[in-house]
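Chains as they are written, first to last, in the numbering used here: chain A, 1 to 566; chain B, 1 to 85.
The hints are simulated quantities; they were obtained by calculation from the structure and are not laboratory data. Any given hint could be a false lead.
[Claimed, not checked] Calculated cross-link-like contacts (lysine to aspartate or glutamate; reagent style EDC-like; alpha-carbon spacing at most 20 Å):
#1 LYS53/B / ASP30/B
#2 LYS66/B / ASP290/A
#3 LYS53/B / ASP290/A
#4 LYS58/B / GLU46/A
#5 LYS53/B / GLU35/B
#6 LYS431/A / ASP14/B
#7 LYS66/B / GLU255/A
#8 LYS431/A / GLU19/B
#9 LYS551/A / GLU67/B
#10 LYS58/B / ASP473/A
[Claimed, not checked] Footprint (simulated), chain A over chain B, 3 or more residues, beta carbon under 8 Å:
#11 46-56
#12 66-73
Quick caveat, the model's predicted, so the values are computed rather than measured. Note that beta-carbon positions come from the ideal geometry of N, C-alpha and C, so glycine has one too.
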Amino acid sequence: MASSIGITGIGILCAIGNNAGEVRDALLGKRSGIGTLRYLPSLHTEIPVGEIKLSTDEMKAMLGVEEPLASRTALMGAIAVKEALADAGIRDLSGKRVALVSGTTVGVMDVTEVQFEKLGGMDPRIPRGNECGKSTQDTARYAGLEGVPCCTISTACSSALNALMIGAEMLLRDEVDLVVAGGTEGLSKFHLNGFNSLMICDRERCRPFDDTRAGLNLGEGAAYVVLEKDAPDALAYIAGYANRCDAFHQTATSEGGDGAFLAMTGALKHAGLTPGDIQYINAHGTATPDNDASESNAFRRVFGDSLPEMSSTKSYTGHTTSASGSIETVICVLAMRGNFTPASLGWSKPIPGGAIPTPGHTGVHLENVMCNAFGFGGNDSSMIFSRQAHLLDGEDRFGIREAARVRIDKVEDLPGLHEFYTPMETRRMCKLMKAALLSAFRALRAAGLEKPDAILSATSTGMLETSTQFLSDIVANQEQMLKPTLFMMCTHNTIASAIAIRTKCHGYNCTYSQSEESTFWAMRDARRLIASGEADSVLVCSFDEVCTEGKTTEFFAETVILQQDA
Amino acid sequence: MEELINNLKLQIIDALNLEGMTPEDIGNDDPLFGEGLGLDSIDALELIVILDKFYGIKLANASEGKEVFKSVATIADYVAKHRTK
């Protein structure tokens, strides 16, 4: 049965405002929130950031939270969740089936890294920043939603937009009555140093789509929307979406923007719209040399010479990484409701042949707008919002069978990976990654498949050894001379994207990180993809490791291939 | 110069985790990127860390390293001229 998915409430907290009204005013007033570090105890005060204008203690007081180790990620999330529910006019959730679907990558890392330094290493008392699902549960608890099922998506900087898609699919399948979907990410020394080691942090305010752009400014924030089925007077409706993979490189983007092109065309097709129907695009536009050149190329492939008004609002908020997809969704809704297009700040000189952002207009009617969110691993997603309700299909038509299952949990099995990768290609891989890829390629072979249609992964704490090493280096080297390889290999979606790169799979690619329920959510999504006919074959790779004193002591990786039952 | 070249090769093998390789496997003039050893943009960033850590040389961005990182010999030349430690 087809239904519409309405956005009935919005909540947002970012560098330009503590709520939706403040954010709208800053956008209309063209006021950027990028400035000097104030709350994060990092030595890199030369790097401009988009911090929210609240201390951790102020947020705890706002929420009545007394836990000593509350993270900014969870606190910001809770404030935005509460605003969204209040905006939707929801006071009582009793009797309703509710889910919180949230994107995050660094989780509670801001707390982890401080404790790590204080206690001189990883200690069982320290909350593990990598355990993203735990961070979402904290968000739920601080927002007064204790006990509500949580589902955490960790596809780096597209996490929050993917959370909206998964929330919409839950409603279309009548699994829940109401979804709160979005993302939250608090600034951490971990990812500030990580992005700095990749040499993509501008020392000035970022300049998206400008020829002189020299990188991004990291930001922090949270945004959530309330999604409801067939709501008559929603603020906006989700018209269509697509999640695709660039399948090119862990951190670099393909020159032609293949993943971005496929995500935008996929979203248009899903919405039943043409490029000419879109009046505004909120670009991913990080202001890195790579992203803006490649996103420009993808725009040209989709829109030709008729690019709608387009801007990147990261020059206001900074790049809020995992939260950017929902922060920019809320900005899109504010623009639609307020009849304006946000200006792209900091732009003056076009990239030769590149896309030209809008100076911003008021008094415009926005019927359909597009929002892009792209992440490490080439996890590229695009979503379209409309003023009018669009019917989306949620019907299951096909049967499912398990075609293969392979588990790897012994060190002595790992050399088997050289059947699939050269030693040069495995140089960056930790044990867990080798195990995961070996299980994936053995499972594909057992199923007689070269390339699946979709790739999902599931992990509680991801690359624990690699990220602990990076944390140790941050402390030991005083935030200097850090290895970019460690940072780029430790996002939770590394495995799913490595499989996509090797199999050249540009299809749906998603990573779940909900503690011990990670595989449950990934398998549920896999079954949906096949039952709906979106994919004929889906690879699901689950993996986790145990570390003692920073070294892997136990690990497992298990890959399941599901196929349509003929 | 020969000692510097050998040290650079050892530092590269260690930093890039080139399992099973020895300095003899990397020719002084072999291209490091593309068709040669096959390094990529992330390896270039690791090379920048090597220059900083062992030789006190700070490159502002990866594109500055493009000419420097052609081969081990070009890196050694650059290091010999610019090292501060």
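*Enumerated hints in conflict with the structure, sorted upward*: 1, 3, 5, 9, 12
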